[in-house]
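Q: For the protein sequence lines, the chains are A and B, in the order given.
Under the working numbering, read the first sequence as residues 1 to 102, first letter to last.
Under the working numbering, read the second sequence as residues 1 to 199, first letter to last.
For the record, the hints were derived by calculation from the structure and aren't laboratory data.
Any given hint could turn out to be false.
Here are the simulated lysine to any residue pairs, SDA-like style, with alpha carbons at most 20 angstroms apart [stated by the list, open to error]:
hint: 1; chain 1: B; residue 1: Lys-191; chain 2: B; residue 2: Asp-121
hint: 2; chain 1: A; residue 1: Lys-97; chain 2: B; residue 2: Asp-25
hint: 3; chain 1: A; residue 1: Lys-81; chain 2: B; residue 2: Gly-75
hint: 4; chain 1: A; residue 1: Lys-98; chain 2: B; residue 2: Glu-51
hint: 5; chain 1: A; residue 1: Lys-59; chain 2: B; residue 2: Lys-169
hint: 6; chain 1: A; residue 1: Lys-9; chain 2: A; residue 2: Asp-20
hint: 7; chain 1: B; residue 1: Lys-163; chain 2: A; residue 2: His-17
hint: 8; chain 1: A; residue 1: Lys-36; chain 2: A; residue 2: Val-11
hint: 9; chain 1: A; residue 1: Lys-70; chain 2: B; residue 2: Asn-160
hint: 10; chain 1: B; residue 1: Lys-80; chain 2: A; residue 2: Arg-83
hint: 11; chain 1: A; residue 1: Lys-102; chain 2: B; residue 2: Ser-59
hint: 12; chain 1: B; residue 1: Lys-80; chain 2: A; residue 2: Gln-99
hint: 13; chain 1: A; residue 1: Lys-59; chain 2: B; residue 2: Tyr-151
hint: 14; chain 1: A; residue 1: Lys-70; chain 2: B; residue 2: Glu-131
hint: 15; chain 1: A; residue 1: Lys-19; chain 2: B; residue 2: Asp-121
hint: 16; chain 1: B; residue 1: Lys-111; chain 2: A; residue 2: Ile-10
hint: 17; chain 1: B; residue 1: Lys-26; chain 2: B; residue 2: Cys-96
hint: 18; chain 1: B; residue 1: Lys-191; chain 2: A; residue 2: His-17
hint: 19; chain 1: B; residue 1: Lys-26; chain 2: A; residue 2: Arg-91
hint: 20; chain 1: A; residue 1: Lys-93; chain 2: B; residue 2: Asn-19
hint: 21; chain 1: B; residue 1: Lys-163; chain 2: A; residue 2: Lys-93
hint: 22; chain 1: B; residue 1: Lys-111; chain 2: A; residue 2: Gln-23
hint: 23; chain 1: B; residue 1: Lys-26; chain 2: B; residue 2: Asn-68
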Amino acid sequence: MNIRKLYTKIVNKHGIHCKDAAQIMSDMTERHISLKERVLLCIHLSICNPCINYKKQLKILRNIFELYRKDEKMPAYSLTKTRLSIEAQQRIKELLKKQSRK
Amino acid sequence: MSNSTKKRNTKPKKPDLLNPDEWVDKHGDYLFSLALSQLRNHADAENVVQETFLSALQSHANFLGKSNERTWLTGILKYKIIDCIRNSYNEVPITCVQEDAEKEINSFFAKDNHHKKQPSDWPAQAHELIENQEFREVLRDCMGNLTRSAYDAFHLREINNLKSDEVCKILNISKGNFWVLLHRARLRLQKCLEINWFD
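Input sequences plus hints: build the corresponding full structure.
A: Okay, structure coming up:
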């Protein structure tokens with residue numbers, strides 16, 4: 001058995017798995033991650049390509065929403081331009097008229 | 001809009017801004033679309049738009065034309081949307097977060113706690129993706145698949161860009177539960193994008 005295989009086997013047996021790694025990676029932007037968690041995550045990432053991909057995906061997703069926030073012409077991710085119903089328009093106009101007379 | 005020609009230090013005349021009919025015609029649809037995209041409920045969205053206009057009417061004296069009318073109204077709307085979300089979770093608190101989430105999170109992982117479907121390497125950058133109309137539609141549909149609490153947690157955090165603490169107060173949940181909700185939303189969203197866009 002070569003060293004790489006042995007290392008992977010040891011990490012798989014004693015380290016964290018993808019499920020815990022995914023939670024820690026999601027939590028990274030939300031809370032302080034302990035040194036222990038950091039080390040465990042690092043070791044796991046050293047043997048797990050799918051989790052490295054997941055980490056990249058998280059970053060892409062975060063960047064996407066950051067771009068959305070900055071673009072005022074594209075409010076949130078709202079694409080479907082919806083119309084306020086005629087009834088609601090009338091109702092609000094009436095209310096505003098009443099209110100502004102006060 | 002016309003008050004851009006006015007001198008800055010003169011008080012804006014009320015009649016210029018008090019044109020409710022025009023407000024509704026000019027900004028009603030825009031504010032409603034924005035509210036609906038976050039609240040996902042027609043009645044609630046109509047309500048917050050109405051509240052926004054009424055508040056705007058009361059506080060128009062504070063509006064000194066520093067920003068444009070729409071930006072000013074949008075600012076008020078954002079507070080009203082958050083109030084609406086806060087009230088709904090105060091009335092009906094989120095329960096069973098841990099149990100529900102555990103079930104769902106487990107569905108993404110095999111028995112040995114590895115990914116069931118391995119996340120792939122997305123061959124794109126964020127800015128390339130959001131320029132693509134079709135991608136935006138897929139993203140919107142994937143967001144639409146989130147449960148209400150996961151959607152609200154994710155939206156408030158990532159789109160409204162509020163801090164964890166603030167979101168917990170609005171959703172009336174503990175930090176632990178919030179992190180789980182968020183994690184669940186991200187897992188679901190990423191899987192959905194993977195299947196519908198990157199595969």
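Q: Each hint should be assessed against the structure and marked as holding or not.
A: To see whether the hints hold, each was checked on the structure:
no.	hint	verdict
1	B:Lys-191 x B:Asp-121	12 angstroms, holds
2	A:Lys-97 x B:Asp-25	14 angstroms, holds
3	A:Lys-81 x B:Gly-75	19 angstroms, holds
4	A:Lys-98 x B:Glu-51	14 angstroms, holds
5	A:Lys-59 x B:Lys-169	26 angstroms, violated
6	A:Lys-9 x A:Asp-20	18 angstroms, holds
7	B:Lys-163 x A:His-17	28 angstroms, violated
8	A:Lys-36 x A:Val-11	15 angstroms, holds
9	A:Lys-70 x B:Asn-160	11 angstroms, holds
10	B:Lys-80 x A:Arg-83	19 angstroms, holds
11	A:Lys-102 x B:Ser-59	14 angstroms, holds
12	B:Lys-80 x A:Gln-99	18 angstroms, holds
13	A:Lys-59 x B:Tyr-151	19 angstroms, holds
14	A:Lys-70 x B:Glu-131	13 angstroms, holds
15	A:Lys-19 x B:Asp-121	18 angstroms, holds
16	B:Lys-111 x A:Ile-10	19 angstroms, holds
17	B:Lys-26 x B:Cys-96	43 angstroms, violated
18	B:Lys-191 x A:His-17	18 angstroms, holds
19	B:Lys-26 x A:Arg-91	16 angstroms, holds
20	A:Lys-93 x B:Asn-19	10 angstroms, holds
21	B:Lys-163 x A:Lys-93	36 angstroms, violated
22	B:Lys-111 x A:Gln-23	16 angstroms, holds
23	B:Lys-26 x B:Asn-68	13 angstroms, holds
Checked against the numbered hints given earlier, this structure breaks hints 5, 7, 17 and 21; the rest are met.
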